[in-house]
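K.L.:
Sequences are here, hints too, so could you generate the full structure?
What follows is each chain in one-letter form.
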Amino acid sequence: MSAALAVAAFGLLGIGLYALLAERHLMKVIIALQIVEKGVLVALMAAGATAGQPGLGQSLAVTVIVTDTVVAVIALALGVQVRRRFGTLDLRALSTLKG
Amino acid sequence: MSYVWLAVGTLICAAGAIRARNLLYSALWLAGTSAFVAIALYAAGARQAAVIELSVGAGLVTVLLVFAIGVTGLETMEGPPLLPVSLLWSLVLVPLVLLAVLTLPLLSPFAGAGSQPLGLVLWQQRTLDVLVLIALIFVAALGMLGIAGGRR
Numbered sequence: 001m002s003a004a005l006a007v008a009a010f011g012l013l014g015i016g017l018y019a020l021l022a023e024r025h026l027m028k029v030i031i032a033l034q035i036v037e038k039g040v041l042v043a044l045m046a047a048g049a050t051a052g053q054p055g056l057g058q059s060l061a062v063t064v065i066v067t068d069t070v071v072a073v074i075a076l077a078l079g080v081q082v083r084r085r086f087g088t089l090d091l092r093a094l095s096t097l098k099g
Numbered sequence: 001m002s003y004v005w006l007a008v009g010t011l012i013c014a015a016g017a018i019r020a021r022n023l024l025y026s027a028l029w030l031a032g033t034s035a036f037v038a039i040a041l042y043a044a045g046a047r048q049a050a051v052i053e054l055s056v057g058a059g060l061v062t063v064l065l066v067f068a069i070g071v072t073g074l075e076t077m078e079g080p081p082l083l084p085v086s087l088l089w090s091l092v093l094v095p096l097v098l099l100a101v102l103t104l105p106l107l108s109p110f111a112g113a114g115s116q117p118l119g120l121v122l123w124q125q126r127t128l129d130v131l132v133l134i135a136l137i138f139v140a141a142l143g144m145l146g147i148a149g150g151r152r
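In order, the protein sequence lines correspond to chains A and B. Taking our numbering, the leading residue of the first sequence gets 1, the next gets one more, and so forth. Taking our numbering, the leading residue of the second sequence gets 1, the next gets one more, and so forth.
Everything labelled a hint here was simulated from the structure, so no lab data went into it. For each residue, glycine too, the CB sits at the ideal point set by N, CA and C. Be a bit skeptical, because a hint or two may be false.
To be verified - Ranges of calculated distance between the beta carbons of each label pair, as one might list FRET restraints:
1) B/G149 to A/G87: 15 to 25 Å
2) B/L98 to A/A93: 31 to 41 Å
3) B/T127 to A/L94: 38 to 48 Å
P.N.:
Written out as structure tokens, the structure is:
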């Protein structure tokens, strides 16, 4: 069980990290953040199972779920405001804005 | 064996979320990823966390994503990635390999030490964390209202 969960965690972290670094669309970046969070969740459960403390792993997973949801809500609200004010969600275009 | 299929399903859905050209399909693939992670959590014994992940990750976040995509538009961007491809792959693979080298040898079969109930851990051992989370939720709600209600 732990090996399958560990491979899933590494895979999710890798996919999310690749998308975070490569994607230009702000919404895709937020989706990539969510994928990284799923990887962290799986890693916490695998760590809890390995350490013999699954209750602690589960409580940390609940904490991560709540915190990441808060981050997603704030990020989506910011994304909507960016789209309204600048008319684009292209990170490359946003980074060249001045003033 | 079922954990292998859960891991494969999770990774396929996550890859689909990134590869999809339509943002709505990306949000649905992400919901599938959350569902698979919730099933894996449930199968590993974390039943409360599985229910929370399914309702929040596959439910609330998906609804919020669909709403935000409906407001901002469905169009995606085609073009080169933000970083050079060689640098991109090295930045992704090097930390993953290091993580695997450091953590995989530590994996061992679960020793069955008897788990404590989630409520006991949250409210008695991690009371401060829970109070900080409650404050964070309120701060996030007020912050989101302030950001979303800003002048155009």
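K.L.:
Which of the listed hints are broken here?
P.N.:
Of the numbered hints given earlier, the structure breaks none, since each of them holds.
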